[in-house]
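If you read the protein sequences in the order shown, they are chains A and B. Position 45, counted from 1, in the first sequence is what my numbering calls 45; the numbers after and before it change by one each time, with no gaps. Heads up, my numbering is the position in the second sequence plus 143, with the first residue counted as 1.
These are calculated hints, taken from the structure and not from any lab test. Cβ atoms here follow ideal geometry from the backbone N, Cα and C, with glycine treated the same way. Mixed in with the good hints there might be a few duds.
[Stated by the list, open to error] Now the in silico label distances, taken between C-beta atoms and shown as ranges:
id: 1; chain 1: A; residue 1: T68; chain 2: B; residue 2: V230; range: 14 to 22 Å
id: 2; chain 1: A; residue 1: E117; chain 2: B; residue 2: K274; range: 39 to 47 Å
id: 3; chain 1: A; residue 1: E42; chain 2: B; residue 2: D260; range: 53 to 61 Å
id: 4; chain 1: A; residue 1: Q122; chain 2: B; residue 2: G248; range: 47 to 55 Å
id: 5; chain 1: A; residue 1: H131; chain 2: B; residue 2: R170; range: 21 to 29 Å
id: 6; chain 1: A; residue 1: A123; chain 2: B; residue 2: S193; range: 27 to 35 Å
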Amino acid sequence: MELTGYGDPDSGRLDATFAALADPTRRAILARLASGEASVNELAEPFAMSQPAISKHLKVLERAGLITRGLDAQRRPRKLEAKPLAEANEWLEQYRQFWEASFGRLDALLLEMADEESKSSQAKMLHLKTHAKKRRRAKPNRK
Amino acid sequence: MNSDKLQITTPSDREIAMTRVFNAPRRLVFDAFTKPELVKRWLSGLPGWSMPVCEIDLRVGGKYRYVWRQDSDGTEMGMGGVYREIVKPERIVATEKFDQAWYSGEAVGTVMLKEQDGKTTLTQTMLYESKETRDAVLKSPMESGVAASYDRLADLLGGTK
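Chain A extracted, bound-state conformation (with noise of 0.2 Å):
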């Protein structure tokens, strides 16, 4: 039950973002940009991957936003670009949160419930020991 992601004018480019985040390559890929930008060989090294398929991936990511073409116009490294994922783990972290403050108020509704449970129980007890005594008391006292 999401709540959220509704009204969002970016709700393209946050599709287009999460697209491209949903190839293994492609998330390995900005997990190396993360930490320094590259270029196309040195990305292709650690995938068993043509330089091509790389390419490939590597314009998925473009055209998603996610990464850029450093300056060097020899080496042409990609780099990351922040933004788009950090509207992405928003959106992400929304969906937590909805779900926590939902929850949180069920923690405050379920005590609500187990109270007014042991009341009426307490009641039920309550008035089973009165009938109780009110049916000794009408019995004659023998001895």
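Start from chain A and add chain B according to the hints.
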């Protein structure tokens, strides 16, 4: 209160699961999930939102419908579905679809309640139509394999908000 902490995990390709411990027996938690007057009390949404519609027909094949409204501008959002399985007080399975879903198709939600020593562990699982849908909803940044990297990313991104 560590045991009360909300945990969000991805048990399979198409799922998102939340786990939370409540300090109450599960029959109370079950009621709080299935009686409209109680649901309204806690599932009322974000601050500034209210829940004008909360209808529950608690039987297999029965429908439920929730509508939230932003009090300031009247924006409404609704969702609903059909109950597929009801095992009181331990299990509820229902379909779930938002009126303006930003992901494709219907999801199936399962609420499981386990009780031990008077405490209830709630596991709420959402099963999406495909891995892609689940990923689109929120999975990717939580992928366990790169969780550490993402923690680093989070640190890095912390100052950019």
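* Asked: Can you give the numbers of the hints that this structure goes against, from lowest to highest?
  -> 1
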